[in-house]
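Protein chains in written order, with this note's numbering: chain L, 994 to 1362; chain V, 994 to 1362.
Fair warning: there could be bad hints in the mix.
When chains are identical, the list treats them as one kind, so a pair holds in a single copy or across two.
What the hints assert, rightly or not - For lysine to aspartate or glutamate, the following EDC-like pairs were computed, each having C-alpha atoms within a straight-line distance of at most 20 Å:
1. K1343 / E1053
2. K1277 / D1261
3. K1350 / D1261
4. K1343 / D1285
5. K1042 / E1053
Since the hints were derived computationally from the structure, they do not count as laboratory data.
For reference, the chains in residue letters:
Protein chains: 2
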Amino acid sequence: MTYPRYTALAQTLPASVPFVGPEAQERSRGAAFEARLGANENGFGPSPKVLEAIKSHAHEAWMYGEPESHDLRAALATHHGIKMDNIVVGEGVDCLLGYLVRLIVGQNDAVVTSDGAYPTFNYHVAGYGGSLHKVPYKDDFEDTDALLDKAREVGANLVYIANPDNPMGTLHDAKTIENMAANLPEGCLLVLDEAYIDLAPSTAIPTLPIEHPGVIRMRTFSKGYGLAGMRVGYAIGASELIRSFEKIRNHFGMNRLAQIAALAALADQDGLQTIQSQVTASKKRIAEIARDNGLTSLPSATNFVAIDCGQDGDFARAVLAELIAMGVFVRMPFVAPQDRCIRVSCGPEKEMAIFAKALPNALKAARAV
Amino acid sequence: MTYPRYTALAQTLPASVPFVGPEAQERSRGAAFEARLGANENGFGPSPKVLEAIKSHAHEAWMYGEPESHDLRAALATHHGIKMDNIVVGEGVDCLLGYLVRLIVGQNDAVVTSDGAYPTFNYHVAGYGGSLHKVPYKDDFEDTDALLDKAREVGANLVYIANPDNPMGTLHDAKTIENMAANLPEGCLLVLDEAYIDLAPSTAIPTLPIEHPGVIRMRTFSKGYGLAGMRVGYAIGASELIRSFEKIRNHFGMNRLAQIAALAALADQDGLQTIQSQVTASKKRIAEIARDNGLTSLPSATNFVAIDCGQDGDFARAVLAELIAMGVFVRMPFVAPQDRCIRVSCGPEKEMAIFAKALPNALKAARAV
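Isolated chain L, as found in the complex:
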C-alpha cells in the first residue's frame, strides 16, 4: 500500500529550512552561545510595560486569541491613520508572506527579488511552485530599477524589496520607493517589507495611498518592539487585497498573549523611543569595534550592522566560523560580493564586550588559514 498521496508539487519540494536556528548550532557545538547577535533579534527586549502586560495577562492563556485581532488592528489603524480594513495581523511577517504567496503565486508564476535578500520569502515562493528570478544588489543596495526591469521582463506577479534592507542594512529614501510603486508593470504587486522601519529614519517611510492596488507593506513587532519570540506581524494594503487573506488565513492562529504584548508595545511609544536610542548606540558600538580591528562597516538603518571583513566571502566565512566557535552567534550574507561582510545584531553591552574580545582573535585565526 502506498500512503500518502502527496501532491505533485509537494513531491518536488526539498525538506529545507531558510535558516538554521542558533539553538541547533549550540547543540552541535555542545555549548551555549555567550553572545546571541546573529538573528537580528532585538537584544534590548521589549519595554518593561510590555513585559508587565505579558505577565499580568498570563492567566488568560486558556482562551483562544481573538480571531480578528480586532483591538490590535484598531490600535494600529489609529497609529497609522488608516482603517482597520487595511490591516491584517498574522503570526509574524513570515506567516503573512506565506499567505500572500499562496494567494498570488501558482505553479510557474514569476516572482522577482534580489539575489541575497530574504530567504524565507524565497522559501514560500518555492513552496507554492513559483518561479523565482533574482537580480544582483547594486553597491550593497537593492537595485530598484533592476527589480522593476526584471519584473517587466518575466511578467512577475510579485516583486519583493525590503526597505531598510536585510542583510546589508542599507536604506532607500521614500522617493525611491514611491517611484518604484509608480512604475510597477501591469499586474505586478510590490511587496514592501518594512520589518526594520521602526528603527529607520522617518525619511525612509514612503507616502503611498493606502488603497494603492499595487503595494502591500509588511510590518512587525519583532524588531523595533523587541518581540520576535511572540510572532506578531501585520500587512498594510488596499482593503480588497487585505480582505483576501480571510479566504485562507488560520483565523485562530494568533497567540493571545502575543496580541496583548503587541497592543501594549504599540501603546508604549516612549518605550519604543528608549529601544531606538539603545539600538542607535549599539550600532555605533559595533562600528567602533569594526574600526578598532581595521575594518569598515556599512551605515545601517536597522538593528544590525554589516561589517566588511575586507576580503572575499571565503575569508568572511572563516571569520564567522571562528566567532561561532568562540561562542558568538552572528550570521552573514549568502551572496557575493555582499558575503565579504558579517552581520552583527545590536544588543546590550555585555554581548558587545564579548564580541569585541572575540573579533580580533577570529580575524587573526582566519588570516592564519
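Knowing the structure of chain L, use the given hints to seat chain V on it.
The following block gives chain V in isolation, referenced to the frame of chain L:
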C-alpha cells in the same frame, strides 16, 4: 491596471471564517459575556506551574522560538515512547491540519469527513481546492464504516475523524479506531484528531505502530493542558510523513513562550491530573443542570457536554440565542439531528452557576416563541 493577479483557486474562494469568535459576539451585543463556555476552551486554565513558567520566561520574548521545537519534541518523544522524528510541532492543530492538507490535497482531490465535524478542517480542504465528501453521524457517533466506505468510493486522499468527537463528545474505543486504520483504502491517509484525548479514558487510545504509513494523529495543548491561547499542537506519525512538513511549514512560526509553556505543562502531569478531575466534576455539573431542566445530556469523553434540548434544531438555536442574549457564550452542532443539542464547555463553578441560572429562562423564552 489590474492588481494583483490572484491564483485561479484564490479567485474562487469565499472570504470565510470557520467560527465567529466570542469577542465579535460581545462587540455586536455591546457587552461582555458573563460565562465563556462556547469554544471548548479549558476554563480551569493551565496549571500554576505553567503560569509560573510563562511569567518567569517572559523576558525571553525578544528571541525567536527555536525553529525545530527540539526540547518540546524531545520531551514529547519520551512522554509517548516514540522518536523525535515522529513528531512535528506547530501553531495549534488548526495550523498542522492546514499543512497536512497542503501536502496531500490538490485541486479536486477527494477528502472525507463527517457531516457536522470540524469546520476548520473543511476550511483547509476548500482552501487548497479539495473536494469534500461528508457522511452522516450514526446515533451521535462518527460512523467509521461509512467514512471508510465513502473514502473507498471517492478514492479519498484523506479521511478525517476526531476521537473523542467534537461537537458531540462521543467516543469510539481503541479497537474501533485500530480497525479503521487496518482497513483504509489504498493511498488514503487517516487523520486521527485526538485533540481531546488527554481528557478521555485510556481505553480510547488506539495502539498503532508509530511507523504506520496510513495514520497521522493530531494532539494539542489547548484542551487538557488548558493552553488554547498559546497555540501549541503536534502531529504524530511515520517519520517520512512527519519529515514532509519540513518542506512547507513556517519554521520560525512558534511563539517562544508557547514552547516554554507546553514544555512546563508536559512536565507537570500532576497538574494535568488536577485539571482532569476538575473537568470530570464540571461535566457532572453540566449534566445535572440539564437534568434539573428536564433535559438529557450525552456522555462526554471531552471537556464539554452536548445537552439535548429535546426538540429540533430550530428550538436549540432559539435556546442558544437566548443564552447568548443573557451573556452565556455557548455553541451548538451545525447539522441535524445533532443540532437538537447545545454544546457547553466545562469551566469553574462561577460560570456554571451563571449557566444554571440562565438555562431555565432560555428554555422558557424559546418555548414561548
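Intra/inter-copy verdict for K1350 and D1261 if alpha-carbon distance must be at most 20 Å: neither (35 Å within a copy, 42 Å between copies)
Intra- versus inter-subunit Cα pairing at 20 Å for K1042 with E1053: Answer is both; intra-copy 17 Å and inter-copy 15 Å each pass.
Homo-oligomer pair classification [D1261, K1277; C-alpha up to 20 Å]: neither (25 Å within a copy, 46 Å between copies)
Identical-chain pair category, K1343 with D1285, by Cα at 20 Å: Within one copy only: 18 Å inside a chain, 65 Å across chains, cut-off 20 Å.
Alpha-carbon proximity between K1343 and E1053, which holds within one copy, between copies, both or neither at 20 Å: between (34 Å within a copy, 16 Å between copies)
When held up to the earlier numbered hints, the structure conflicts with 2, 3 and fits the remainder.
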